[in-house]
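The task is simple: from the sequences and hints, build the whole structure.
With UniProt numbering applied, the sequence shown closes on residue 550, and no number is skipped along the way.
Mixed in with the good hints, there may be bad ones.
Stated by the list, open to error - Pairs of lysine to aspartate or glutamate, EDC-like flavour, derived with a Cα cap of 16 Å:
id, residue 1, residue 2
1, Lys338, Asp257
2, Lys433, Glu496
3, Lys455, Glu475
4, Lys383, Asp313
5, Lys232, Glu282
6, Lys53, Asp225
7, Lys368, Glu354
8, Lys232, Glu48
9, Lys368, Asp346
10, Lys368, Glu422
11, Lys491, Asp168
12, Lys191, Glu219
13, Lys338, Asp313
Simulated from the structure, these hints should not be mistaken for laboratory data.
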Amino acid sequence: MASTNYENVVTYTQDIVRPSANFSPSLWGDVFSSVSFGNQVEGFHAEEIELLKEEVRRMIVAPNANESEKLHLIDNIERLGVSYHFEHEIKGQIQHFHNASFETDDLNTVALCFRLLKQHGSHISSGIFDKFLDIDGEFKNSLKCDANGLLSLYEASHLKTSGEDILDKGLIFSASQLESLVPSLSSPLKKQVKHALEQCLQRSIPRVEARRYISIYEEYESRNDSLLRRAKLDFNLLQLLHKKELCELSKWWKKLDLVSKLCYARDRVVECYFWTLGVYFEPQYSQARVMLAKTIAMISVIDDTYDSYGTVDELEIFTDAIERWDIKEIDRLPDYMKICYRALLDLYSQYEEELGQQGRSFAVNYAKQAMKEIVRSYNIEGKWFIEGIMPSFAEYMANGFITSTYYLLAATSFIGMSCASEEAFNWLIQNPKIQVANVTICRVIDDIATYEIEKKRGQSTTGVECYMNDYGVSELEAMDEFSAIAENAWKDINDEFVKEKTVSPEILKRIVNLARLIDVVYKHNQDGYTHPERVLKPIITALLVDSVNV
1 MASTNYENVV
11 TYTQDIVRPS
21 ANFSPSLWGD
31 VFSSVSFGNQ
41 VEGFHAEEIE
51 LLKEEVRRMI
61 VAPNANESEK
71 LHLIDNIERL
81 GVSYHFEHEI
91 KGQIQHFHNA
101 SFETDDLNTV
111 ALCFRLLKQH
121 GSHISSGIFD
131 KFLDIDGEFK
141 NSLKCDANGL
151 LSLYEASHLK
161 TSGEDILDKG
171 LIFSASQLES
181 LVPSLSSPLK
191 KQVKHALEQC
201 LQRSIPRVEA
211 RRYISIYEEY
221 ESRNDSLLRR
231 AKLDFNLLQL
241 LHKKELCELS
251 KWWKKLDLVS
261 KLCYARDRVV
271 ECYFWTLGVY
281 FEPQYSQARV
291 MLAKTIAMIS
301 VIDDTYDSYG
311 TVDELEIFTD
321 AIERWDIKEI
331 DRLPDYMKIC
341 YRALLDLYSQ
351 YEEELGQQGR
361 SFAVNYAKQA
371 MKEIVRSYNI
381 EGKWFIEGIM
391 PSFAEYMANG
401 FITSTYYLLA
411 ATSFIGMSCA
421 SEEAFNWLIQ
431 NPKIQVANVT
441 ICRVIDDIAT
451 YEIEKKRGQS
461 TTGVECYMND
471 YGVSELEAMD
481 EFSAIAENAW
491 KDINDEFVKE
501 KTVSPEILKR
511 IVNLARLIDV
521 VYKHNQDGYT
531 HPERVLKPII
541 TALLVDSVNV
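Shown next as structure tokens:
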């Protein structure tokens, strides 16, 4: 980054022509900032919840239980969103399954075992599926009508890693057969299959899937009513906590009043909070969610400042001011930037105060350095756009990895986690393979989803344009390549989640969950964050507005 002298001050004139992004207003108004919690008490149903929790715990650890039934029990507990209550018990069962030898020829059981082990970080060979191949190396015709087995194979196949050709084949086979079976299936299996084909479990947001699965599980005659009621009560209890956090966040955002002061910025604080629910929904991460949501809201405004409003000279000085991170720098900035700059420094001072009381103030420095890094890269990207520069694809990606925000958000997601030690931050800043894969997914999927909109705005410095320019390919070919890059990155995530032992699974889950958010928010090449009407509105309503009927 080119350094700017302190004496350098931009002359601001009234005739600056600025781009207009015309972002839609918030969908939510004061819905969440004016929430009244009345006489709702977290302790309501508390005694019943504890009794149900003990009943479920006994089911998990029950000796001499059928292994297939135990696998399905654990799967249901996880899908219903209550597994965080039983982590120790489930870990013990997963270890048992890892050490056991499954002789069954039931595809449903084998595929479910494979998926659960991989999702819990245990190694298991994809050779477990060899028994389901015919002499030509294709999946047997006898499996084509086994809807439950095919569904399990489909979900398991998304845990594939590089070189696992049998799972590549399994995904194509299971998806094709499930598509053909859908018309002949009856609900609730039909609903489950249709949804899986739209959104597989491995790339879905756990909290979103829990809300959906509660309604599907309720329709199964084989359901466990105690487990179902436990899930419903737990969902509503957690939803109350989430609403309180969002209420706090919305009041903070309203008090800042950045949207009315900065007319070019997106008003997406509710969507920012939803993002944090995707990273962690459990009650112990309450502080982490609020911190992460505030950071996402702030970086969104800064992104819009670089992308939709600032001039080259203004952005250069703003970048340098953030690099210096000193409130004395504020006088160098135009009035609109002063508002954002002060809010940013105040926010991180608040983090330092909160975490200092917990002996974790070291965490803020990592997040602050990530903020400085992203702003430097925003500045580079802003110059490319404003000056019409077309970088090479390699240059674009090196910078674009940073502007994807996922280096910043990964670091910030750790700061409110008491289990995130200084060693975890040091691991993260070394850009481990799982994090690089995470950032890659965010970058290329974001580029695909926002390409048409950015093209209409006259922005030629996009990943797709750079790739087309470097390799002489069409839009469609470039987009296909980006999709292939994302698929390979998912294989790396699956592989590294099992292999990476430097940090705990709790740390690794944040990385995986960030990648999952991209698959949901940018589904069907739509930018669900900027335009939440179709993609995120129904999801947010289900998670944060409507309670589950108990």
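Consistency of the hints with the structure:
1. With a C-alpha separation of about 13 Å, the suggested pair Lys338 and Asp257 falls inside the 16 Å cut-off, and the hint holds.
2. For the suggested pair Lys433 and Glu496, the alpha carbons sit about 7 Å apart, so the restraint of at most 16 Å is met.
3. Distance check on the hinted pair: Lys455 and Glu475 sit about 12 Å apart at the alpha-carbon level, within 16 Å; holds.
4. Between the alpha carbons of Lys383 and Asp313 the distance comes to roughly 10 Å, so the proposed pair stays at or under 16 Å and holds.
5. For the hint pairing Lys232 with Glu282, the CA-to-CA distance comes to about 15 Å; that is within 16 Å, so the pair holds.
6. Taken as a hint, the Lys53 and Asp225 pair is honoured in the structure, with Cα atoms around 13 Å apart against an allowance of 16 Å.
7. A C-alpha spacing of about 15 Å is found between Lys368 and Glu354, which places the hinted pair at or below 16 Å, so the restraint holds.
8. Distance check on the hinted pair: Lys232 and Glu48 sit about 12 Å apart at the alpha-carbon level, within 16 Å; holds.
9. Under the criterion of a C-alpha separation no larger than 16 Å, the hint pairing Lys368 with Asp346 is consistent with the structure, at around 12 Å.
10. Straight-line distance between C-alpha atoms of Lys368 and Glu422 comes to about 14 Å, which keeps the hinted pair within the 16 Å bound.
11. Between Lys491 and Asp168 the alpha-carbon distance is near 11 Å, which keeps this suggested pair within the 16 Å criterion.
12. The suggested pairing of Lys191 with Glu219 holds, with an alpha-carbon distance near 10 Å, which does not exceed 16 Å.
13. Straight-line distance between C-alpha atoms of Lys338 and Asp313 comes to about 15 Å, which keeps the hinted pair within the 16 Å bound.
When held up to the earlier numbered hints, the structure conflicts with none and fits them all.
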